[in-house]
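Undergrad: What follows is each chain in one-letter form.
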Amino acid sequence: MLGEPAVEERTGAADMQAPPSLAQGPLYTLRVIRACMKKDIRTALTERVFTIISVFVPVNVLILMSLFVLGGSHAPTAVVMYDTGPLARQFYTAMNNAHSFSLQKTSAAQAEQMIRAGQIVAVVTIPADFDARVRANQPVQVGVQINNLNTDFTNDIRRAVPLSITTFYAKAFPDVVTITPAEHDFYSQDTDYVPYLAVSILVVGLMIGGLLQSGTASAREWEHETIKELLLSPASRWAIVAGKMLAACVMSLASTVVVLLVLIFIIGVYPAHWDEVIGFNLLFLLIFIAFGTLLGTLLKNRQPVTALSFGIAIPLFFLSGAFGPISFDTPATQFLAQLFPVYYAIVLEQHAFHNFRLNTLGTGGNVLVICAYALGLLLLTTWTLRRATVSH
Amino acid sequence: MFSSLSTFIRNVLTIFWKDLRVWLRQPSTVAATIVPPLAFLLVEALGAAAVGRSPVALVVQDTGVKGAQMAQIIHNADVFRITDANAQQARVLINNLDVVAIITIPPGFTRRVDAHEPATIDVTVNNLNLDFTNDIRRSVPDAITQFYQAQGSASPIKVTMNEQDLRSQDVSLLQFSVLPTIGLLLMIGGLITGGLATAREWEAQTIKELLLSPATSGAIIVGKVLAGFLTTFTLGLLVFLLADLLGWTRPQGVYWLTTLLIIALVSLFSSGLGVAIGALLRRIQPVIAISINVALYLFFLAGGIAVLAFEPLWLQNIAAFIPLTYGNHALQMAVFYASADQLGRDITVLSLSALSALALGILSMRRGLVR
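Quick mapping for you: the protein sequence lines, in order, are chains H and A.
The first sequence: position 106 = 112 (the working numbering), numbered continuously.
The second sequence: position 70 = 76 (the working numbering), numbered continuously.
Treat the hints as calculated values from the structure; they're not laboratory data.
Any given hint could be a false lead.
[Stated by the list, open to error] Listed next, the in silico DSS-like pairs over lysine-lysine satisfying Cα-Cα at most 25 Å (straight line):
# : chain 1 : residue 1 : chain 2 : residue 2
1 : H       : Lys306    : A       : Lys24
2 : A       : Lys164    : A       : Lys72
3 : H       : Lys111    : A       : Lys164
4 : A       : Lys72     : H       : Lys177
5 : H       : Lys177    : A       : Lys164
[As the list claims (entries may be wrong)] What the simulated footprint calls covered on chain H by chain A, stretch by stretch (three residues with Cβ under 8 Å from a Cβ of chain A suffice, anywhere in the stretch; the number is not a length):
# : stretch
6 : 148-160
7 : 325-336
[Said to hold, decoys possible] Computed spacing ranges between beta-carbons, pair by pair:
#  : chain 1 : residue 1 : chain 2 : residue 2 : range
8  : A       : Asn92     : H       : Leu288    : 41 to 49 Å
9  : H       : Ala178    : A       : Leu247    : 53 to 61 Å
10 : A       : Arg97     : H       : Ala114    : 44 to 52 Å
11 : A       : Leu267    : H       : Ile284    : 52 to 60 Å
12 : H       : Ile272    : A       : Leu267    : 36 to 44 Å
Glycine included, each C-beta is placed from N, C-alpha and C at the ideal position.
Just chain H, same shape as in the assembly (with noise of 0.2 Å):
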């Protein structure tokens, strides 16, 4: 047994014996609760390794799904310009400020070599008689090569080619092209996709870290039989639940803080509503370590509840609109994201950072549905523990 600790200090037994007479007071509640925090939280911190990772899961999440949004958001594209006359260079203009467009000039040998390999994704071409047939009001072809490799990308570009076509002539040629759109924004300013995106990877980063904390902590009581002792002892089953609920809420505080401070120091989102950031982010953790304790107590088995916690909040993610409103999404979609907490999570986060209003609910509506949610898990768990006992 060199190396295992004693059974009273596993379970924390030895804080919860208590004479007959205490056993309902609510000091040897508390004291359950304590004990129970407690041991959870040194035994998570004996494995260093694991810890540290589901910490920084959440921080790695966002720096991958970040870089390759930033990157995305502009078309590599070349240009080849055999005009460099006045207007073939307001065309150029156009087409960098078209928001769609990473440019850069070169040849057509370097441009076709480029493409070829996969470093650029476009090729534009503005022949050599642009200006004089422009100004002639003669058809001109601006060649237009594409890597299509995915509709999704390659329509952006075959819609920010005309975009720039159009803004060119309604620079150039104002008395020509007369039709332009007027755009009236609801928001002063436009928000980024990787500010945006952030916010949400904080509310998976809160998920992943809570399961992790509480799921594995349940299982392991289930897997190391040390179950028994505590649903045979004195205290009573949400007391047991309570404790090691707090632990795990403790250990995913370090993860929740860590994606905080990358949110605002490094990628520069500064809370909107930070009472709304600190509540919030408490109760989504309630939720989500309510609903790790669950998954524990259901499976046993610390394997599983691992690979899950990871496996289901990745689809979870892409599902609960973490990308925009959902109702802009499919109707399927949109069913699917509102039964589960993740999605009012994302909307209330999006309001505590950037004070997005994102669906009709209201911050109230929201918050009573994330506490409907919770409340649910935490009967549901204790109900759970207390039918365990049965069967074990």
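Guided by the hints, dock chain A onto chain H, whose structure is given.
TA: Just chain A now, with coordinates in the frame of chain H:
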């Protein structure tokens, strides 16, 4: 010589069968491996219909011909999901977040266009993130350009786009996403199966018996990798066949073989890497956590949710060192374009990566023997 070879094979098969049986006895772990990528595929399938087609409200306040023409072009543009509305209804729709923008063709539009006076199309956009906003910013001018193009030789816009596609066919976002997702499944499956099978020996302390037995560490590793390979390959193949049944992936003729070969090589690489990680860490919990992290890193860095060619050069350079990049490339070529373009390079990189993972596993196991 023959006797030692047959002993080696017998040892490999024994380890292989043992690990396979243990894996089959753990349906929850099997489910935990396969459910997430399947759920991810489902989410992608559900969401793909909305990508690139933003919901907008169209308000036509002009009663003239040009206004009607413009409205028709916007309807036919296939870049919007349009709800026809009056100004008041449109306001309600955008306030309820049912639409991302209101496009208004104002009264007097036809008269202004005919008189060559400035005529605006009003676009009220919920600019809460640039992805949606830029889609609208591109789509409305696109519609205006089409409006002018429809005038033929009378159009004042003489500059047109002459598009030439590099590839014979367009591939939809969903189809494109299926292959990296299968790659993710193969990576998670191989890493977790191989890693757990190895780390479990240390946790259950059965590694002592294995290492003290006459079986070589090479035979132990190969047996474990084989078990991980078979389970991962089977799961990957099942998901690929499901995608094929749904019409998402359709390799033709000989390219089925290429596809199977690449799935096999990625499975071998991930299983080998899993066994190596398991032998290095020797604890189940860290193995699972690190395996999933490694799989996610490889998935993202190999362009899992994006198109590598659209990424900056420095990201493309990083991707060049990720074996899964070559797996994704070879699968794309075989499945979408019936092409063997750079297949030799892809197979070589994947094979070398698998061999390196095996060598790393053997090395880690040897370290265990010394200790």
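Undergrad: Tell me, in ascending order, the numbers of any earlier hints that this structure violates.
TA: Of the numbered hints, all hold.
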